[in-house]
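> Chain by chain, the residues:
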Amino acid sequence: MKSPKAGADDFVASGHAEADLADLPGTEAIGAAAVSREGDDFLFVWPGCDVRIEVTTVREHGEGITAELAVSLGGRELHWGRLQLASTLAKGTLVKRLAQQHRALPWGTLVEHVCREAARAVRNGAPAARLEARPFSGPRFLLEPFVWHSDCSFIFADGGTGKGYVALVNCLAGTTGRTIAGIHPRAGRGLRALYLDWESSKDDLDDRLHRLGRGLAIDTTELPIYRLGMDRPLVADLARVRTECARITADLLVIDSWMPACGFGRDTAGADTAVGAFAAVRSLGRPALAIAHMSKVMADQKGAARIYGSVFNHNLSRNVWEVKRTEDSEPGEMLLGCYHTKVNEVARRKPFGLRFAFDGEDGPVTVSTCPLIQGGADLLEKLSLRQRIRTVLAPGALTTEEIAEATGAPEKTVRARLSELHRQHHVVTFEEGGGRGKHTRWGLATR
Amino acid sequence: MNPHLELLLSPVYDGALAPEHLADLRKSTLTDQTIRRQFIRSVPPAMIRPLLGFDLAEIRSALLFPFRSPAGGFMDHVRLKVFPSLTDAKGHAVKYLQPKRSSPRLYFVASCLRRVLESDEPLWICEGEKKALAVAQLGFPVVGICGVTGWHGKGHSDLLPDFDAIPLVDRVVELLPDTDYQTNPDVALAINGLGIALGARGAKPFVRLLPLEQRR
Chain R
3 MKSPKAGADD FVASGHAEAD LADLPGTEAI GAAAVSREGD DFLFVWPGCD
53 VRIEVTTVRE HGEGITAELA VSLGGRELHW GRLQLASTLA KGTLVKRLAQ
103 QHRALPWGTL VEHVCREAAR AVRNGAPAAR LEARPFSGPR FLLEPFVWHS
153 DCSFIFADGG TGKGYVALVN CLAGTTGRTI AGIHPRAGRG LRALYLDWES
203 SKDDLDDRLH RLGRGLAIDT TELPIYRLGM DRPLVADLAR VRTECARITA
253 DLLVIDSWMP ACGFGRDTAG ADTAVGAFAA VRSLGRPALA IAHMSKVMAD
303 QKGAARIYGS VFNHNLSRNV WEVKRTEDSE PGEMLLGCYH TKVNEVARRK
353 PFGLRFAFDG EDGPVTVSTC PLIQGGADLL EKLSLRQRIR TVLAPGALTT
403 EEIAEATGAP EKTVRARLSE LHRQHHVVTF EEGGGRGKHT RWGLATR
Chain D
100 MNPHLELLLS PVYDGALAPE HLADLRKSTL TDQTIRRQFI RSVPPAMIRP
150 LLGFDLAEIR SALLFPFRSP AGGFMDHVRL KVFPSLTDAK GHAVKYLQPK
200 RSSPRLYFVA SCLRRVLESD EPLWICEGEK KALAVAQLGF PVVGICGVTG
250 WHGKGHSDLL PDFDAIPLVD RVVELLPDTD YQTNPDVALA INGLGIALGA
300 RGAKPFVRLL PLEQRR
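From first to last, the protein sequence lines are chains R and D.
Note that our numbering has the first sequence beginning at 3, numbered continuously upward.
Note that our numbering has the second sequence beginning at 100, numbered continuously upward.
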């Protein structure tokens, strides 16, 4: 049997006075929602009535912002659907549906509040700031030399070049705070990395990480490197990525790889999708290292190459490294040449080699820097002749003929470049022998 | 205004209270002054139908609660406390009736009307006319809602237009529901819904909890 309810008049009738009423225990304020945000996902909770409204997959179109709203009451989902946040008609329909299920709550007020606040939060960007003409503070590279402190950096190469390994080594250097294979963490703290993976599987990445960890003597079991499997263009999946970024507090994104991240657009040159993907990365507010490819024509040619696809892939990037793998390496070894093809604010870094050594198909993988010359002509042909001369002279002095042979350039051209370098004090000469047996040997000037 | 209501509010019916009705008001601690200022009076049986727009054979007598308008005078709206209580199809007791197809209205109390409408004192909201009057007699600015869902109209859940007359921004609002707020989740939901609607208007709503152990 239900106990009879009592009201204020009963309270007064039982002899209570003004002070007793004023002293009645109260609950917390019940009118305001507790709002939490993860990326562009929002959760509005009214604890007093156990109403939760989740706002996810927020998109801004030409006609306004749409989002998925999931409304639940007391843990029971009342509605899930996509809604145009500014549409009076759409909101009215939703409110009507909710009211049919539970009349006692002010659904119109709740839905209006949620739509307005979510739209406001999504659109709130940083205000314009006056330029202050002051020196740059903080490191320019997050991971020198591959990852710039902001926006999108690139490693690009032909297929099967080990780009994924290079990206993973960057993650290892970043998360451990250790310099690994010439990759220097500059943040002054351990990073948290999110690997957006369009190309491989979690098993593959787990295996690579495990083998690199063994090779580099790093305990990888607790490292904050997360993988997010991707199958749609970044722009289409941005809300999910933003949410995961916020959830794991990622400092570094790896995009493996750039073309599927861009997706396919109306523009056959890929300009629209590339620009869209750059904007998406920028909106995530974290530095990213993107792995990209190059065209077959570019891969077969000597000299500097470009990232496959739109010219904006090069133009909008902050820091670009071309990677080339030599065919001239030992079994179980991967020798890569790394060439800095773009950076805006600082001098380009010198090319260098990376040597990966694989102990069988399951054993540890080690990685270290190495002179480019170890990769032979394959890795040198990407360099200008001046760079090639300096590279071949790095181990020790050589004659003009030997330099010509090592660089693959005609002797006459080599002689002309050596004279230039000599005038600029980059190389010095040594005389050996005498008379007809006299040889001129060239060596790098020490400064 | 309904001419029958107009007649009932005239001096002709001043002090017209059946003993059973007066006893009911006294049980809620209402004083003669409160009863007089709120124009509470017994309804002649013949006027029940004209006031409500319908008649129920079970009703033996009725007590009139006219609704004061915040703009002055009275609204064209009433609630009648019927004797004996009726039982609806779901077995719930029905003590009050209002005109057919009418929306709920806020119950304003004459003695604190100015404080409700013009001050920034904490506003109390009670569930029912007599409870509002009992709280007003203790000196609090108060309005009554007619039932836990009586703060919104039929078919929607926005605050009644009567709330527009009350300054709510930054105002503390003390909701004082019956004790079933603490035991009946549907009642709690309805009262908290009122809190949310008030919060959206800028008010700072709280719920005050009456002791569960008190008995009528």
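None of these hints come from the bench; they were simulated from the model.
Take these hints with a grain of salt, some might be off.
As the list claims (entries may be wrong) - Where chain D lies over chain R, by a calculated footprint (3+ residues, C-beta under 8 Å):
| no. | region |
| --- | --- |
| 1 | 7 to 19 |
| 2 | 94 to 105 |
Claimed, not checked - Here are the computed distance ranges between Cβ atoms for each label pair:
| no. | chain 1 | residue 1 | chain 2 | residue 2 | range |
| --- | --- | --- | --- | --- | --- |
| 3 | R | 88 | D | 114 | 56 to 64 Å |
| 4 | R | 65 | D | 184 | 38 to 46 Å |
| 5 | R | 88 | D | 187 | 21 to 29 Å |
| 6 | D | 191 | R | 233 | 31 to 39 Å |
| 7 | D | 218 | R | 234 | 54 to 62 Å |
| 8 | R | 78 | D | 191 | 19 to 27 Å |
| 9 | D | 194 | R | 25 | 42 to 50 Å |
| 10 | D | 152 | R | 40 | 49 to 57 Å |
| 11 | R | 40 | D | 189 | 25 to 33 Å |
| 12 | D | 189 | R | 27 | 16 to 24 Å |
| 13 | R | 70 | D | 159 | 37 to 45 Å |
Cβ atoms here follow ideal geometry from the backbone N, Cα and C, with glycine treated the same way.
> Does the Cβ-Cβ separation between residue 65 (chain R) and residue 184 (chain D) fall within 38 to 46 Å?
With Cβ atoms ~55 Å apart, the hint is violated.
> With respect to the beta-carbon atoms only, verify the hint that residue 40 (chain R) and residue 189 (chain D) lie 25 to 33 Å apart.
Since residue 40 (chain R) and residue 189 (chain D) have Cβ atoms about 44 Å apart, the given range 25 to 33 Å is violated.
> The hint says 21 to 29 Å between residue 88 (chain R) and residue 187 (chain D); measuring C-beta to C-beta, is that right?
42 Å, violated
> How does the Cβ-Cβ distance of residue 70 (chain R) and residue 159 (chain D) compare with 37 to 45 Å: does it lie in that range?
56 Å, violated
> Residue 194 (chain D) and residue 25 (chain R), beta-carbon distance inside 42 to 50 Å?
29 Å, violated
> If you count the residues of the region 7 to 19 of chain R with a beta-carbon closer than 8 Å to a beta-carbon of chain D, do you get 3 or more?
Check passed, 11 qualifying residues.
> Evaluate the given range 56 to 64 Å for the C-beta pair formed by residue 88 (chain R) and residue 114 (chain D).
This hint holds: roughly 58 Å between Cβ atoms.
> Taking the Cβ atom of residue 78 (chain R) and the Cβ atom of residue 191 (chain D), is their distance within the range 19 to 27 Å?
24 Å, holds
> Take a look at whether the Cβ-Cβ distance between residue 191 (chain D) and residue 233 (chain R) falls inside 31 to 39 Å.
The hint (31 to 39 Å, Cβ to Cβ) is violated, given that residue 191 (chain D) and residue 233 (chain R) are roughly 55 Å apart.
> With respect to the beta-carbon atoms only, verify the hint that residue 189 (chain D) and residue 27 (chain R) lie 16 to 24 Å apart.
32 Å, violated
> May I ask you to test the hint 49 to 57 Å on the CB atoms belonging to residue 152 (chain D) and residue 40 (chain R)?
54 Å, holds
> Could you check the hint for me, namely that residue 218 (chain D) and residue 234 (chain R) are 54 to 62 Å apart, CB to CB?
Cβ of residue 218 (chain D) to Cβ of residue 234 (chain R): about 58 Å, so the range 54 to 62 Å holds.
Of the numbered hints stated above, those contradicted by the structure are hints 4, 5, 6, 9, 11, 12 and 13, listed in ascending order.
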